[in-house]
Amino acid sequence: MEKTKLTAKDFSSGLPVKWCPGCGDFAILNMIQKTLAGMGLPLEKYAVISGIGCSSRFPYYVSTYGFHSIHGRALPVATGVKLSNPDLAVWVITGDGDGLSIGGNHMLHTIRRNIGLKVVLFNNRIYGLTKGQASPTTQPGSKTKTTPLGSIDYPFNPARFAVGLDCTFVARGIDTDIAGTSVILERASKHNGTAFVEVLQKCLPFTDKEFDPLKDPAVKEDLLLRVEHGKPLVFGKNRDKGIALRNFRPEIITFKPGAVPAEVAVYDETNAELAYLISGFTQPEFPTPIGVFKVTQKPSYEELYYQQVAGIGDTKAHELETLLTGPDAWEIK
Amino acid sequence: MNKTTNSRKVNVSQLNSVTVRFAGDSGDGIQLVGSQFANATAIAGNDLSTLPDYPAEIRAPAGSLAGVSGFQISFGDESVLTPGNKPDVLMAMNPAALAVNLKNLEKGSVIITNSDAFTPAALEKAGYASNPLEDGSLANYRVIGVPVNALTEGALKDSGLTRAQILKCNNFYLLGLLYWMYGLPLETTQAWIKTKFKKIPELAAANNKVLMAGFDYAETTEIFDARFQLKKSPVVPGKYRNLTGNEAAAYALITAAKLLKKKLFYGSYPITPASEILQTLSKHRAKDVVVFQAEDEIAAMCSTVGAAFGGELAATGTSGPGLSLKCEALGLAVIAELPMVIVNVQRGGPSTGLPTKTEQSDLLQAVYGRHGECPLVVMAASSPADCFHTTLEAARIAVKYMTPVIVLTNAYLSNGSEPFRIPKLSELPKFQISPLPDPADYKPFMRDPETLARPWTWPGLAGYEYRAGGLEKLDVAGGISYDPLNHEVMTNLRADKVARVVKEIPPTKIHGQAEGDLLVVGWGSTYGAIKTAVNEARKAGLSVSSIHIKHIFPMPPDLGTIMRRFRKVLVPEENSGQLRMLLRSAHMLEPLGLNKVQGQPLNSDEILAKIQEILRGN
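In order, the protein sequence lines correspond to chains Z and L. Every letter in the first sequence is one number past the one before it in the working numbering, and letter 121, counting from 1, is 121. Every letter in the second sequence is one number past the one before it in the working numbering, and letter 375, counting from 1, is 1375.
Read the hints as simulated data drawn from the structure, not as lab findings. From the three backbone atoms N, C-alpha and C, an ideal C-beta is built for every residue, glycine too. Any given hint could be a false lead.
[To be verified] Below, computed lysine to aspartate or glutamate pairings styled on EDC-like, alpha-carbon distance capped at 16 Å: (1) L:Lys1261 with Z:Glu319; (2) L:Lys1239 with Z:Glu321; (3) L:Lys1262 with Z:Glu303; (4) L:Lys1283 with Z:Glu210; (5) L:Lys1103 with L:Asp1088; (6) L:Lys1287 with Z:Glu186; (7) L:Lys1107 with L:Glu1124; (8) L:Lys1168 with L:Glu1134.
[As the list claims (entries may be wrong)] Away from chain Z, derived, C-beta distances all over 10 Å, residues of chain L: (9) Pro1061; (10) Asn1242; (11) Thr1255; (12) Lys1258; (13) Lys1263; (14) Pro1270; (15) His1284; (16) Arg1285; (17) Ala1314; (18) Leu1471; (19) Ala1499; (20) Asp1558; (21) Arg1567.
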C-alpha cells in the first residue's frame, strides 16, 4: 500500500448512491468515510457489514471490503469476520428494524460479548425500504401503513437499550448535527469493544416530521441536552436550564445564564447508572439527550479469545497424529 | 494380558464375532463401561463397531423404563460393519434394563445381570409382577445372576468408602467379568482408572479392585464354564484410535484447515446429536482453531458465512431443526459463492421429534430446502470413521468450487464408533484453490474456466477490495444487477458450477457382480447393514449386488448405467423414500423401497429379509 494518508474521498466506491434525495443517510455516509480515513489503516483492513434496509445499502458506497448480508444478521456475519481476523476494523451498519426487531437477539449477544465491532444504528422510526410499516422504535400513536389507528406498541429507546445491556460504548447523534456526530464516530472508532452509536434521522417519505423540532434552530437548543463528560448538564437557548438529581430523580431547574448552581449534575460517562438515567430522557418531560452516554473499559471478546489461546496455536500441535495419539491410541504393525 | 493362569478347566470356544449390549440406568455409567470394553477389544486386535442408545432425559427416574441407557458393541475377527442386530450377550444392571432389551434377544443368548438390583420396588418400576430371575420366564436364555452389590461391598469392606461410593463401583465388577469371558486385556481400563482418579487415589484403588474382583470371580466360580476367544482381525498396519462420527468430523475440519494452511473457524450452537463436534473442537481451541458458540443457529450459520468472507476455512454443525434455521443464510452463502462446510447430524424429526434417535430424513432438506434456485453440494458419510474422510473431502470441494457443502451424518454415525487409522497429512488429498489474478485484472465474479469458481479474496488482501452480498450480482463484474437476463445467466452459472463437482466423483464401486437380479442402492449410515445383508444373500446364492452413494448432489454420473444392468433396484432408507424419489426423477426408474422411520437404524436382518422377499418373487 502507498504510504500517503487516505482521505474521505478514498473511501468512496464511486457507485451512484440510491437513497432518496435529501435523506440523512448521505450525511452519515460522509461522516463515516471521514472517520474511516481518520483511523489511518490501509484500505484493505476495513470491512463494512450490513443487514437489509435502506441504511444497509451502505457498504456498496464504501471502497473497502464490504458485505451486504441478510435481514437482521449483520452482527453475526461481522462477528465471524472480526473473530477470525481480529486486526480488521469492522463496522456494522444497521437500522431500527434490522438491528432491533429481526436482529434483536444478535444485538443482545453482540453487546454481551463486547466484541470489537463499531455498530451504527440509523434510527428513523420506520421501515423505509418496505415502504412505511411500524418499527420497534415507532412512537406510540404514530399512524403508519400497519398502524392506521395509531401504534399501540411501546417503543425501544435504542441508546438506553444498549446502556441497559452494559454496552461499553453508547452514544447518540443526529444526522444533521455534523460536528457533534463526527466526534461521536471518531471516539467510537477508537473503542476496543462493542461501540453502539444510534443516529437519529428522519425518513423523508414516511417520517419526514419526526425529528424536525430537534433540527429547528429556533427551538432545538431548548429540546436537546448535549451530554459531555465532565461538564454540567446544562441546556437551553440561553443556557439557563440544568438537570439536578434530587433523591436520585432528575429534575429540570432553571437559573440565570452563567450562574450554574452546584446542584446541577456534572456528567460522568464512566457512570453506568447516570448513563441509564440520562439516556432514558424523552420528550416532552425532558430534553432529548445526545452525545457520548457511556464509556467503560473491559477486554473485548476477541482480546480474551486470543489471550486464552496464546501459545497453543502452533501448527505442530494440530498435526492429526499429535492430536489423536494418546492413551486411547494403539499401533498395529 | 496379565491373568492367564486357569485354575480350573474351562471350555474355550473360538468365535468369529460377538455382539454385547450393556444396559442400565442413565446414572449407571453404561456409556463408560461400554467404551472401556470397546477399547479393550480394539487393543486385543479385533475390529469393532459400537452404538450408544441413550434416552433424551439426562436422568430419568432411577430404575424406570424411560431411564434405560444402552451401549451395543459388535467385535470380531474380520471386518465388522455394524454394531450387530441382536445381542449375543446382554449385561443388564437392573430389571428395567432387562425389560427394555429382552424383546431384542434371541433364545439361547446370555443375560448377565446384577441380581441384587431385582428388589420388589425395582421390579415394580420395571413392570414385573414377579422376579424374572426366579419365575422361570427366562428359561429360554442362559441367565447368569451375580449378586454384584454384595460382592462389590465384600471386595471393598476395608476401603473406608461409604456404601454409596462403593456401589458406584459395581459396574466395573461386571466389566471385569466380561473381560475374563472374552480374554480381553485389563490394562486399558486400569490405565483409564489411574488417570481419571489421579487426585483421589482411594477411588482409583477401589475401582481397580472391583474390576479385578469381577475378573477373579469369573475365573473361580462354577457358573462360568465357557470362555470365548476371537482371532485378531486383519487390518492395515498403522496407528489407530477409536473415534465416534462426531469426533471424526471435528478432526477432519482441523485437518482440512491444516491442509489449506488457514485458520479453522467453527461457529455452532448446541444441539443433540451434533454438540460433540462443537465440544471436541472447543477442546482444541487455538490461534488457528477458532471456535465460536453462537447465540442461536442463525448466528452460527451467519458467523460461518462471515468467516468464509474473511478468508478462513469456515464450518458449522447442526441437526435437522438447526439446518432449517440455517437455510436463509445458506442462500446468502450460495449467492455470495463462499466456501464452507455444514455438518448436519440427522435425528428423528420433524420438530423436536426423536432428538436422540437416528434417521436419514433430512436428505431432501439438504438438497432442496432453500428459497430460490439454490444448488449446493451434498455428501453423506457411511460410517463413523468415514465421517472423517467425507468431511475432509467436503472441505476440499468447498474451497475448490467456492460453494457450501452439506455433509449428512446421523445420530447412529455420530455416536457410534469404530477404529480409525490415523493418516499422515502426506497421505491426504491435496487442497487446491484457483490462483488469484493480478489486482488490475481482478473482477469479483470472474471464474476459473474449469471449475467456474470465482476468486476467493478476503479483507486484509490489498488490491482486491469488493462488496459481497445477497443481491444478484452482475456476471463477472460483480456489481448489483436487476437485469432479468443477467439473473438467469447467474442462476445457470451457479447450477453449472455445482454440477461440475461430478468431476470429483470416482467411478461407483459395485459390491458383487456388475449385473444381476437385484441391486441394493444405499447412502449414508446404512452402509454396514446393507453390505452385511448382501454378503449373507450372496453366500446363499442370490444374485444381488450393492452400491453406496457418497455424493448425493450432484450424484455420480454412472448411476443410471449401473442400475439398468439389474432387473430390480432396492433402496433401503431410514425415511419414507427420499433417495428413491431423487433416483426416480433423475433416471426414470421405479426402484423398490425398504423404509424404516422408527428412530432406529435399519439392521442387516431386515434388509436380508427384504432381499429374500424380492428375489423369491422372481
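Hints, verified against the model:
Between Lys1261 (chain L) and Glu319 (chain Z) the CA atoms are separated by roughly 12 Å; this keeps the pair inside 16 Å, and the hint holds. Simply put, Lys1239 (chain L) and Glu321 (chain Z) have alpha-carbon atoms about 8 Å apart, close enough for the 16 Å limit, and the pair holds. Proximity of Lys1262 (chain L) to Glu303 (chain Z) is assessed by CA-CA distance (about 20 Å); at most 16 Å being required, the pair is judged violated. Distance check on the hinted pair: Lys1283 (chain L) and Glu210 (chain Z) sit about 52 Å apart at the alpha-carbon level, beyond 16 Å; violated.
Distance hint between Lys1103 (chain L) and Asp1088 (chain L) is fulfilled; the C-alpha atoms sit about 13 Å from each other, no more than 16 Å. This hinted pair does not check out: Lys1287 (chain L) and Glu186 (chain Z) have alpha carbons roughly 30 Å apart, beyond 16 Å. Of the supplied pair hints, the one linking Lys1107 (chain L) and Glu1124 (chain L) is violated, its CA atoms being roughly 25 Å apart against a limit of 16 Å. For the suggested pair Lys1168 (chain L) and Glu1134 (chain L), the alpha carbons sit about 26 Å apart, so the restraint of at most 16 Å is broken.
The Cβ of Pro1061 (chain L) sits about 33 Å from the closest Cβ of chain Z, beyond the 10 Å cut-off, so the non-interface label holds. For Asn1242 (chain L), the non-interface assignment is contradicted: its Cβ lies about 7 Å from the closest Cβ of chain Z, within the 10 Å cut-off. The claim that Thr1255 (chain L) is not at the interface with chain Z is violated, since a C-beta of that chain comes within 10 Å of its own (minimum 5 Å). A Cβ of chain Z approaches the Cβ of Lys1258 (chain L) within 10 Å, the least distance being about 5 Å, so the stated non-interface status is violated.
Against the 10 Å criterion, Lys1263 (chain L) falls within the reach of chain Z, whose nearest CB is about 6 Å from its own CB. With a minimum CB-CB distance of about 14 Å to chain Z, Pro1270 (chain L) clears the 10 Å threshold, and the non-interface call stands. Once the 10 Å rule is applied to beta carbons, His1284 (chain L) is inconsistent with being away from chain Z; the minimum gap is 7 Å. A beta-carbon of chain Z comes within 10 Å of the beta-carbon of Arg1285 (chain L); the shortest separation is about 5 Å.
At roughly 7 Å from the closest C-beta of chain Z, the C-beta of Ala1314 (chain L) falls inside 10 Å, breaking its exclusion from the interface. Its beta-carbon lying about 6 Å from the closest one in chain Z, Leu1471 (chain L) breaks the requirement of being farther than 10 Å from that chain. Once the 10 Å rule is applied to beta carbons, Ala1499 (chain L) is consistent with being away from chain Z; the minimum gap is 26 Å. Every CB of chain Z lies more than 10 Å from the CB of Asp1558 (chain L), the least distance being 32 Å, so the non-interface label holds.
Residue placement check: Arg1567 (chain L) keeps its beta carbon more than 10 Å from all beta carbons of chain Z (closest about 42 Å).
Hints 3, 4, 6, 7, 8, 10, 11, 12, 13, 15, 16, 17, 18 from the earlier list are contradicted by this structure; the remaining hints agree with it.
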